[in-house]
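A.B. asks: Residue strings, one per chain:
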Amino acid sequence: MRQSLSLVLLLALIISAGAVLFRPGSSYVHQDRDALFAQASPVHPAGTDGMGRDRLVRVSAALLLSLAGATIASALSTAAAAAVGILSASSPGVIGSLTLLVCDAFLALPWMFLLMMVRSAIPLTTSPLASAVITFLVLAALGWPACARAVYRGTRQLRHSDWMLYAAASGLKSNQIVRALAPNLLPLLLPQFLVSLPAFIIAEANLGALGLGIAEPLPSWGGMLAELGNSATLLETRWVYLPVALLVLVLLLLEAITAEAQR
Amino acid sequence: MNLQKQPFLFVFVAVFALWPSVGQGQNAPRLPGELAWTIAYDPKTFDPAKVDDEASERVRYLTAGVLLRFNRATQRVEPSLAESSALSEDGKVLTIRLHSGLRFSDGSALTAKDAAWSIRRVLLPETKAAVAEEFLDAANVTVQTPDDRTIIVHLPKRVIGIEKIFDEIAIEPAERSSEARVTSGPFFLSDYRRSQYVRLKRNPYYRDTGKGLPRATGVRLDILENYEQIVRLLVRSDYDLIDNLPPDYFEMLKRKAPATVRDIGPSLNTEQMWFNQSPTSPISDWEKAWFRNRAFRVAISQAIHRDDLARIAYLGHATPAFSFISPANTTWFNRNLRLPARGLEQAKASLHEGGFYLEGSTLKDAQGHPVRFSILTNAGNEARGKMATLIQQDLAALGIQVTVVTLDFPALIERLMHTQDYEACLLGLANVDPDPNTMMNLWLSSSPEHQWNPSEKSPATPWEAEIDRAMTTQASSMKMAERVAAVDRVQQIVAEQQPFIYLVYPNALVAISPYLQGAQPAALVPRVSWNVEQLSVRGLR
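Taken in sequence, the protein lines are chains A and B.
By the numbering used here, the letter at position 51 of the first sequence is numbered 72, and the numbering carries on one by one without gaps.
By the numbering used here, the letter at position 256 of the second sequence is numbered 337, and the numbering carries on one by one without gaps.
One or more of the hints may lead you astray.
Covered by chain B, according to a simulated footprint, are these stretches of chain A (three or more residues, beta-carbon under 8 angstroms) [unchecked claim]:
#	stretch
1	89-103
2	142-154
3	234-245
4	249-256
Derived EDC-like pairs (lysine to aspartate or glutamate); straight-line CA-CA distance at most 16 angstroms [what the hints assert, rightly or not]:
#	chain 1	residue 1	chain 2	residue 2
5	B	Lys-337	A	Asp-183
6	B	Lys-467	A	Asp-53
7	B	Lys-282	B	Glu-260
8	B	Lys-335	A	Glu-257
9	B	Lys-131	B	Glu-249
10	B	Lys-467	A	Glu-248
11	B	Lys-125	B	Glu-260
12	B	Lys-369	B	Asp-446
Quick caveat, the hints were computed from the structure, so don't treat them as lab data.
Just so you know, even glycine gets a beta-carbon here, dropped at the ideal spot from N, CA and C.
For reference, chain A alone in the conformation it holds in the complex:
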């Protein structure tokens, strides 16, 4: 019941954000230079930011962009983790150990510096949307190793289960065993996928808060959260808290959905 409520709330948020973003005349780019830090009004229901841009539209766009990016990144990293985990668990000992060593090496990487390096290496004329896609892809590329370890452990357990031993003894080929294995890993992969979602959202927000995330004029959580670092801005309008409030709500809903899925 709680899962369905969380899911419904999250879906309602997504639909509302979509409605705000795609309603006629709404723009997350348009600067109303005569309405800086404007208070809430029928034209700007959550006021405007320091550059006169509609705060509600920008928050909605950030929400959708961040969720979409994190979903894609999470799906990719879970798929990569599944492939690596199954490969290492199904391979001879040395290859499996080497694969896991690569996982550990990835886990030890200073990912923030790596992201900064990738950011500086992206061609400068890359459009903001393309740079957002690249950011999430890099996050996915860095996010799979922890999940791969979990998949490896799950696969190992399955490989040593009675039905698997029976299948091997019955003469099933390796590819047939893997095909039989994959659906049984779903209960493990789904929570891994769900757990990664908030992690990627936060990682992107972190980068954005440092000014190294999604490029302007595309809105991002990080860019909007950076406003909170300055108490002078906090005095301007209370709507400045809207992005962080929504971000926390989204993270809590994702956490509730994940917790229920794990049960």
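Go by the hints and put chain B onto chain A.
C.D. replies: Then chain B, alone, in the frame of chain A:
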């Protein structure tokens, strides 16, 4: 007593143990008559000859006795420890006469020998004094002391603004440099706690002691970078001044204590953008052609709403800029600058003149390439990020698609100085010296810091050659009027050619406690504390 069995008491003790640091946010109580403000970080050195960072420079300014002082308000060089100074006609011999009866803070006599030793020390290569470079040929400078009060400096070649260089040379006791413990300035160093504070005490033998100077008994410089705390402590009168306030904190303080803040107007600093015109850069040939096209650069400049940049990115605390010389620089600012007319229509006309045309909502060059480029700036600078985003929208009105890219500083410098892999860049230049001679490296076409096209073997364009000639004239002329005319000409060429598109001069924003007496804030740093001898606190607590 067992604290573990007394949790309430433990919390009580812990809270009160932390109280001084959490509650007050400062590191030492104020002594009677002492001034207090902040520096952002620990000074790297107290040796006045080795200063090369801002915090050390602040301490040197407060402690160093100098022969000649550059007055930040009048922007003129005035005698300080010197009674008089005279420069020979060829500009190669500077004769300085000391006041009589000068003493160091420990009471010992200050003579020409101390002054000569201090000058020679900064000229020695092993001292690695930053100021030595300003003598152009430091190794061949000689210093003579015909008597106890006269110093004669012989220069191998003429140095523009030689007198002003002496503003940076502290006169120390000969053969016993004390790292600001014994000084001839208004204060001397009495205590330093790393990451906490620098405490200075009044020099009882200061040359103007008879006039009651310095008025304060000392200065405490807390080492603090956080503007939230600094502003809060100024409101509580724990601090007497803030020399440099960001615009948002200026506005915040204006709400809390309107009487404390002052916008002095444009500073000497500039914010500008420029296009990469280097022929060796890895950008496409058609982009290079756009950036070398004068009409294109002028159109970009015409389309940018500088008033909006000042109003939005700096909350109104910046002044639209059209030249590398700020109006605060009263001697060198060209008031008769002829600027290209500004506005969207004028920009469109310039683009048309430059061979560009609009197809739908996209601007294209004569070969049909859509005009799009990126503006690079450093991450973490809110005002620059905002300016770049505003410019993005301004140029969208011309059909130009701009991408704003913020990079961490090392990555940005790598692109600017080494790979030259960028299209346009938006950065600022902090000027501490009003004399344009200090900007030679920026304007000479052969300089590696000639940003739009560094290290040209010969000037790439006739106008760059003319800038070279004018800057050389201002650096070699003996006549001030000739120098001013040369710099005026450079300003005019820059306004016409727009190699740098100047955007704004950030205003000098300061805060002054109502208890502080004698403050006369100036646009030049240190803005409030430049006349520290005159400053005192009255009626405080």
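A.B. asks: Does each hint fit the structure? Answer for all of them.
C.D. replies: Hints, one by one, checked against the model:
{"no.": "1", "hint": "89-103", "in the structure": "violated (count 0)"}
{"no.": "2", "hint": "142-154", "in the structure": "holds (count 5)"}
{"no.": "3", "hint": "234-245", "in the structure": "holds (count 3)"}
{"no.": "4", "hint": "249-256", "in the structure": "holds (count 5)"}
{"no.": "5", "hint": "Lys-337/B x Asp-183/A", "in the structure": "violated, 74 angstroms"}
{"no.": "6", "hint": "Lys-467/B x Asp-53/A", "in the structure": "holds, 14 angstroms"}
{"no.": "7", "hint": "Lys-282/B x Glu-260/B", "in the structure": "holds, 14 angstroms"}
{"no.": "8", "hint": "Lys-335/B x Glu-257/A", "in the structure": "holds, 13 angstroms"}
{"no.": "9", "hint": "Lys-131/B x Glu-249/B", "in the structure": "holds, 11 angstroms"}
{"no.": "10", "hint": "Lys-467/B x Glu-248/A", "in the structure": "holds, 12 angstroms"}
{"no.": "11", "hint": "Lys-125/B x Glu-260/B", "in the structure": "holds, 12 angstroms"}
{"no.": "12", "hint": "Lys-369/B x Asp-446/B", "in the structure": "holds, 12 angstroms"}
Hint check: violations occur at hints 1 and 5; the rest are consistent with the structure.
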